[in-house]
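> The residues making up each chain are set out below.
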Amino acid sequence: GENVEQHPSTLSVQEGDSAVIKCTYSDSASNYFPWYKQELGKRPQLIIDIRSNVGEKKDQRIAVTLNKTAKHFSLHITETQPEDSAVYFCAAADKIIFGKGTRLHILP
Amino acid sequence: DTAVSQTPKYLVTQMGNDKSIKCEQNLGHDTMYWYKQDSKKFLKIMFSYNNKELIINETVPNRFSPKSPDKAHLNLHINSLELGDSAVYFCASSQVVDNSPLHFGNGTRLTVT
Numbered sequence: 119g120e121n122v123e124q125h126p127s128t129l130s131v132q133e134g135d136s137a138v139i140k141c142t143y144s145d146s147a148s149n150y151f152p153w154y155k156q157e158l159g160k161r162p163q164l165i166i167d168i169r170s171n172v173g174e175k176k177d178q179r180i181a182v183t184l185n186k187t188a189k190h191f192s193l194h195i196t197e198t199q200p201e202d203s204a205v206y207f208c209a210a211a212d213k214i215i216f217g218k219g220t221r222l223h224i225l226p
Numbered sequence: 332d333t334a335v336s337q338t339p340k341y342l343v344t345q346m347g348n349d350k351s352i353k354c355e356q357n358l359g360h361d362t363m364y365w366y367k368q369d370s371k372k373f374l375k376i377m378f379s380y381n382n383k384e385l386i387i388n389e390t391v392p393n394r395f396s397p398k399s400p401d402k403a404h405l406n407l408h409i410n411s412l413e414l415g416d417s418a419v420y421f422c423a424s425s426q427v428v429d430n431s432p433l434h435f436g437n438g439t440r441l442t443v444t
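In order, the protein sequences belong to chains A and B.
Count along the first sequence from 1, then add 118; that gives the number in this note's numbering.
Count along the second sequence from 1, then add 331; that gives the number in this note's numbering.
Hints may contain errors.
To be verified - In silico lysine-lysine, PhoX-like type, Cα no more than 20 Å apart, as pairs:
hint, chain 1, residue 1, chain 2, residue 2
1, A, K175, A, K189
2, B, K372, A, K218
3, B, K383, A, K160
Everything labelled a hint here was simulated from the structure, so no lab data went into it.
The model shown is predicted, which means the values in this text are computed figures rather than measured ones.
The whole structure should be built from the sequences, with the hints applied where relevant.
Encoded structure:
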């Protein structure tokens, strides 16, 4: 079955700087890679996703890159803001297996 | 008009009791899921139903029994509750299996004392 590794588990960045979270997956058949943001006490919510037929996708300050050969994908957040502080989860299909999460702290 | 709604929001009960959590989605999705989020925030899939049929059962104890009366509802019944069952349980739905975003409910915080 699929196994998803996510790093780092905790990340602190200065407001305005960029943050990068990385994930690797094991099943080469996986073709869908979503990222979810979970604020404290709230439910996880999709922020961006990418399918295996593209290498990069961008939505304003958020981008995701995918390297199918190396089986890894990354989340990039630029110009970080206080409201970006949350736990971020990567996931891979099938069965939507989640990484263990990255707690992102934006420092003022 | 919440898309995925689950009840109750909080559930406090004693060891050995039986409890149920209900989930309903009004998105017209075919697939529904139960996830368990423990104190370390790990999200683990428990079950998935596609059009009322069980398609994923991830090594969950037999004390947990999902029931899907129709594709808009997926309930979770837990027998003989144990301390280790304390967690936040999230219901979710997606349009299709594997390849579409999950829409989560607000979670049910279960505390077993």
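> All hints, please: hold or fail.
To see whether the hints hold, each was checked on the structure:
no.	hint	verdict
1	K175(A) to K189(A)	holds, 16 Å
2	K372(B) to K218(A)	holds, 7 Å
3	K383(B) to K160(A)	violated, 27 Å
Checked against the numbered hints given earlier, this structure breaks only hint 3.
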